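In full-length UniProt numbering, the protein residues as written are 1 to 458.
Simulated from the structure, these hints should not be mistaken for lab results.
Keep in mind it's a predicted model, so treat the numbers as computed, not measured.
In silico SDA-like pairs for lysine to any residue, Cα to Cα no more than 20 Å straight-line: (1) Lys333 with Pro374; (2) Lys318 with Gly332; (3) Lys413 with His239; (4) Lys137 with Phe125; (5) Lys401 with His239; (6) Lys439 with Arg67.
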Amino acid sequence: MAPKQKKPCYVLGVGMTKFIKPRGKVDYTELGFEAGVKAMLDAQISYDDVEQGIACYCYGDSTCGQRVFYQFGMTQIPIYNVNNNCSTGSTGLAMGRNFISSGAADCVLVVGFEKMQAGSLQSHFNDRENPLGTTYKMMATTRGVTKAPGAAQMFGNAGREYMEKYGAKPEDFAEIARINHAHSVNNPYSQFQDVYTLEQVLQSPKVHEPLTKLQCCPTSDGGAAAVLVSQEFLDARPHLKDQAVLIAGQCMATDAPSLFSKSSIDLMGREMTQHAARVAMKEAGVKPSDFAVCELHDCFSANEMILIDALGLSEPGKAHEFVRAGNITYGGKVVINPSGGLISKGHPLGATGIAQCAELVWHLRGWANNRNVPHTKYALQHNLGLGGAAVVTVYKRADGKEAPVIDSATVGKLNKLGYNPAVEAKGFTAEQVKAVRSKAKTNDWALQDTLTKVEARF
1 MAPKQKKPCY VLGVGMTKFI KPRGKVDYTE LGFEAGVKAM LDAQISYDDV EQGIACYCYG
61 DSTCGQRVFY QFGMTQIPIY NVNNNCSTGS TGLAMGRNFI SSGAADCVLV VGFEKMQAGS
121 LQSHFNDREN PLGTTYKMMA TTRGVTKAPG AAQMFGNAGR EYMEKYGAKP EDFAEIARIN
181 HAHSVNNPYS QFQDVYTLEQ VLQSPKVHEP LTKLQCCPTS DGGAAAVLVS QEFLDARPHL
241 KDQAVLIAGQ CMATDAPSLF SKSSIDLMGR EMTQHAARVA MKEAGVKPSD FAVCELHDCF
301 SANEMILIDA LGLSEPGKAH EFVRAGNITY GGKVVINPSG GLISKGHPLG ATGIAQCAEL
361 VWHLRGWANN RNVPHTKYAL QHNLGLGGAA VVTVYKRADG KEAPVIDSAT VGKLNKLGYN
421 PAVEAKGFTA EQVKAVRSKA KTNDWALQDT LTKVEARF
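Working from the sequences, and respecting the hints, build out all of it.
This is the structure in structure tokens:
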């Protein structure tokens, strides 16, 4: 069947919270509210403009999305609750784009949030089959099982296979983590902003060869949101076209039979990533070498290594050489994870994919002026969830031009906020909240004391 022509879909607004250690101090209601308010302020809309709502989270009871969205208004629009493992946020973006591109809506608000428990990821439903049960069994059959966290074992094993097949060394994986930590110092939303030497990364506590602690993403609390709009919606607001970013290509894919080929790399979804990348790039009319900036799913340094290969950023089997040549940071071929990535920025599962989107939107607008990448015309996003789903998205400016570099004072005037959210994490006022909440259908009982709690954190 021939692919259907899709109507354009633009990211008009983005917003996010600072990612923080999961200590139970901030509830998901606050995280989702803060991110959603910021995205609507950025898009210069109110909740009355929103026709569909998508809530993205992994940990929480059913209808947490309504609990968050009702704080913006109770306008009786559909609100969908999405859970797709670590790709949850990008799955929500893909759903929203489908609504826009099919003509089902002109304005969609996607909000991702996560309140996590400290420590490695745990299953909460131990009275039934784990959806990753067959994956764990394959790992046990091919590589055995250790006492390390399950995710670290699986991705670490993929790293081991890359070493065995292609000659990568532990230092190559450590260099990936070193670079991501170095990038994070310029991201005000990053959970960690510490710089390490290669030796410090290598000497941090061993988790599962080749991975050390500083090569593993932390669990995090956080929220992120995006406003997606149609061409018609954007055309009615011509003054916002310079900040609109087109989703030029996108594909959400699931696993192929090769998942169980007995390859540790295949077990981490290599083929679905390759498929999603091919489809998204074909739709956008681009090739891997066209990207100057990329946000990809570096839950572990080993996954970034195999993704550099699977996305076609390097030649097959030569991702480690790509890293050694300095090609994944400033001055190289493509800046990967200028945000600091999951390794340093943090990984609140439901928010991660939307935070990646926000970072790339800021780059294409020219707002990320403290970490801008020269000659950025296209941006690449990859978000992965085992189980499985891979979402690859290609972004470009609405005008198709290279991203400019805009000073923060100018940004503050353009967005009417008085500051540049790409380089400074701030809160908002009660008046700004009033401006984006529904004018016709709100009930403060739904808001409770969320606004007071959010204001207290800034």
